[in-house]
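Participant: Spelled out from the first residue to the last, the chains are:
2 protein chains.
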Amino acid sequence: MLRLDADAAAPVPAIERASARVDRAIGRKPRIVIIGGGFGGLNAAIELRKAPVEVALVDRRNHHLFQPLLYQVATAGLSPAQIATPIRRILSGQKNATVYMETVQSIDPRARTVTTCTRTLSYDVLVLATGARHAYFGHDGWEAFAPGLKTIGDATALRARILTAFEKAEVGDRGAERQRLMTFVVVGGGPTGVEMAGAIAELARKALASDFRNIDIAETRIVLVEAGDRVLPSFPAGLSQAAQAQLQALGVIVRLGDAVAAMDEEGVTLHSGERIQAATKVWAAGVMASPAADWIGAAADRAGRVMVSADLSIPGHPEIFAIGDTANVRGPDGRPVPGVAPAAKQMGRDVARRIIAGLRGRRVPPFAYRDDGNLATIGRKAAVADFGRIRLSGTFAWLAWSFAHLWFLIGFRNRIVVFLDWAWAYATFDRSARLIVERPEQPQ
Amino acid sequence: MLRLDADAAAPVPAIERASARVDRAIGRKPRIVIIGGGFGGLNAAIELRKAPVEVALVDRRNHHLFQPLLYQVATAGLSPAQIATPIRRILSGQKNATVYMETVQSIDPRARTVTTCTRTLSYDVLVLATGARHAYFGHDGWEAFAPGLKTIGDATALRARILTAFEKAEVGDRGAERQRLMTFVVVGGGPTGVEMAGAIAELARKALASDFRNIDIAETRIVLVEAGDRVLPSFPAGLSQAAQAQLQALGVIVRLGDAVAAMDEEGVTLHSGERIQAATKVWAAGVMASPAADWIGAAADRAGRVMVSADLSIPGHPEIFAIGDTANVRGPDGRPVPGVAPAAKQMGRDVARRIIAGLRGRRVPPFAYRDDGNLATIGRKAAVADFGRIRLSGTFAWLAWSFAHLWFLIGFRNRIVVFLDWAWAYATFDRSARLIVERPEQPQ
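Keeping their order, the protein sequence lines are chains A and B. When you line the first sequence up against UniProt numbering, it's residues 1 to 444, in that order. When you line the second sequence up against UniProt numbering, it's residues 1 to 444, in that order.
If you're looking for bench data, these hints aren't it; they were derived computationally from the structure. Among the hints, a few may not be true.
[As the list claims (entries may be wrong)] With a straight-line cut-off of 27 Å between C-alpha atoms, the simulated BS3-like cross-links for lysine-lysine are:
id : chain 1 : residue 1 : chain 2 : residue 2
1  : A       : K206      : A       : K29
2  : B       : K50       : B       : K95
3  : B       : K50       : A       : K206
4  : B       : K381      : A       : K50
5  : B       : K29       : B       : K50
6  : A       : K50       : A       : K29
7  : B       : K381      : B       : K206
8  : B       : K206      : A       : K95
9  : B       : K95       : A       : K206
10 : B       : K150      : B       : K95
[Unchecked claim] Chain A side only, calculated, beta carbon under 10 Å to chain B, not exhaustive:
id : residue
11 : A76
12 : P80
13 : T156
14 : L163
15 : A207
16 : E219
17 : V417
18 : W424
19 : S432
20 : L435
Glycine residues also receive a C-beta, built at the ideal position from the N, C-alpha and C atoms.
All chains, full assembly: derive it from the sequences and hints.
Facilitator: Written out as structure tokens, the structure reads:
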């Protein structure tokens with residue numbers, strides 16, 4: 001494992017070297033290839049909008065996704081298009097940027113090329129911003145039973161599972177099978193797990209409450225399983241307790257200090273020996289970085305994240321940066337930078353500024369994460385917010401969460417439409433997107 | 001083939017008999033089973049809301065779909081949830097109605113039972129409202145190349161195909177393959193075909209115009225193939241010409257008097273011998289009724305529609321009704337009732353009123369279709385409208401179309417959201433739902 005403290009103390013003039021190479025390429029602008037159109041990659045591209053460079057952004061999907069609200073798609077509160085925008089729409093007016101919807105096959109760091117299915121792109125500077133997928137810690141077979149939540153496809157598939165479970169319970173007979181269909185296990189007590197558990201509880205107890213005739217929606221059981229001794233371990237202990245109390249007020253059963261030992265179609269077995277019969281399981285227990293480290297043969301941590309220097313470049317490759325969930329980053333204080341959207345955005349902008357500074361022969365201090373606060377929502381008027389000295393829970397935290405998420409939703413139009421959807425849901429308890437789509441969506 | 005004129009002259013007192021049987025079932029309310037939650041079935045259920053009956057509505061999907069706007073989902077203008085509402089949400093407050101999301105396996109007209117995967121429902125009155133699917137007239141293999149447009153899944157799959165074609169053209173090289181990727185063939189010049197051709201043209205020339213760097217969107221070719229001698233054959237000839245002129249103004253190439261002779265992954269060959277290389281093909285050339293006639297062993301026409309009497313019941317089975325696209329219906333004037341949403345709605349309400357009248361021992365005159373006008377849209381400020389004496393084309397027809405479709409969209413909330421989306425699209429030429437979803441949506 002690499003030690004980063006030494007790098008942090010004496011930052012390598014990474015970009016100066018990269019740009020020196022660039023300057024030799026007389027007669028053309030430096031080519032910046034960014035892989036990944038998430039928060040990190042997209043913000044890097046946008047920050048380069050006035051720079052004298054050519055930007056190529058490669059993503060295998062056509063849309064940027066506002067992942068913090070993905071759980072609302074999975075629980076029928078929002079439609080996919082409300083939190084996803086075509087990357088080329090966002091960069092439409094940025095003349096120095098080209099978007100390629102392509103899957104990266106390989107990277108040759110010596111030739112400085114990225115190869116996709118159809119072409120080889122050469123780069124002067126490469127930005128790896130490929131994000132993370134859920135990890136099952138050696139139990140990959142569990143994915144079929146307990147899908148995770150990272151893409152629009154994940155969310156609509158999970159939405160179909162959750163809604164179909166209630167539909168099957170309605171047509172089935174009273175008894176154990178009905179109870180199994182109406183039991184939901186969420187694995188992992190981090191922000192995604194807490195949000196999913198709260199949102200399923202609200203979906204069942206409010207939006208669906210009066211729509212069924214045979215089942216009693218009050219019999220819905222939602223179990224949140226967390227291996228640690230509290231939910232939201234990245235928050236102060238007091239807010240963890242507040243979050244747990246708010247979950248329990250919604251009827252969520254919280255199992256702490258226990259973990260999944262076995263899983264099958266019928267349910268889960270915990271380490272404590274408890275067996276929970278549950279038709280629907282949701283995985284929110286861990287993520288693994290994309291294989292960016294393998295592509296370039298770089299050192300990675302156990303979660304697959306590329307080890308980077310204090311300037312976010314890869315040791316030995318000052319022209320390659322890794323940002324967001326792809327990178328293992330420590331601040332100047334040695335603390336790890338969390339895998340959250342604001343950190344990815346800040347890294348994207350930081351790398352872009354480094355590239356611009358390098359072109360001008362200037363130095364930039366090491367990357368430092370600015371923590372503007374931590375928010376997690378549980379449900380209607382239920383959330384926790386940690387702004388350092390100011391810690392909120394309940395209605396005020398929920399208002400702060402709502403405004404923050406609306407504000408950062410890309411696209412003015414989406415802000416308005418999501419606001420109206422939330423206002424409607426708040427006034428009526430209704431959910432706008434309760435669709436079970438039956439036919440596979442086939443990419444061509 | 002049955003002749004219906006005799007029936008029309010002397011309507012059988014169908015419901016009186018059905019209700020007489022019902023009255024003997026002392027101590028319980030008559031059971032009305034409705035199969036299908038489209039315009040016909042749903043309106044039948046709603047019209048029965050105050051009747052002393054038990055309504056069971058069976059549909060294999062969980063949502064009612066506003067099919068007239070489905071082409072806007074396929075062309076990224078609207079999100080699925082904006083035109084689809086859970087059936088149990090719509091019937092939530094109707095205490096005499098139960099919704100079953102189930103697939104019908106068989107019907108036993110003698111035992112008067114409907115069997116699904118999980119249960120057998122007995123009925124006193126059965127309403128078949130199962131709609132239609134696209135038909136390929138003996139060329140079922142063409143479905144893989146040229147999908148039709150009947151469900152949300154159809155629409156999102158088609159949307160992915162259309163958007164992916166442009167993405168592939170952008171990353172590919174100039175030449176024949178790029179032209180093939182940017183060519184779209186719509187088969188069938190009825191309302192759906194005209195709407196699809198116009199909407200693809202607007203999507204390409206307006207919404208996508210400034211988002212690509214390598215391809216020239218103006219090279220997009222959209223070909224509408226119609227076997228007859230004019231588009232919109234169900235409209236007056238003058239409006240067909242107006243529609244064709246509006247299509248051509250949008251750049252759509254209209255091929256009349258020609259039909260598809262062969263089709264493969266690469267393109268289509270017409271009867272005239274013309275070969276069109278086209279990556280994306282859309283089928284809008286014909287529909288086939290669902291197999292409701294087979295279920296009950298009833299006589300059907302060539303399109304699979306059940307032959308019904310003037311009271312919409314099936315000859316020999318006064319307790320079974322068929323409505324909407326499932327039924328071959330002629331009005332008292334002998335003219336066939338068209339397969340459009342208003343006709344299905346009217347039949348649904350008519351059957352419900354017949355059932356109620358039958359319970360009270362009253363007779364009801366034969367079903368008569370009230371034609372409130374015919375509308376088809378081509379694009380922005382481009383449409384045709386036939387209100388009998390008043391015929392419109394262009395901006396006024398488009399306004400009439402917009403108001404009519406908004407008005408009939410089920411759900412006040414959807415009306416507002418769709419209106420805002422249209423207003424946004426009108427002001428900005430943008431499309432809100434340009435998503436390519438990569439992962440199959442798996443029903444559980």
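Participant: Report the numbers of all earlier hints that the structure fails to satisfy, in ascending order.
Facilitator: As far as the earlier hints go, 1, 4, 10, 16 are violated by this structure, in ascending order.
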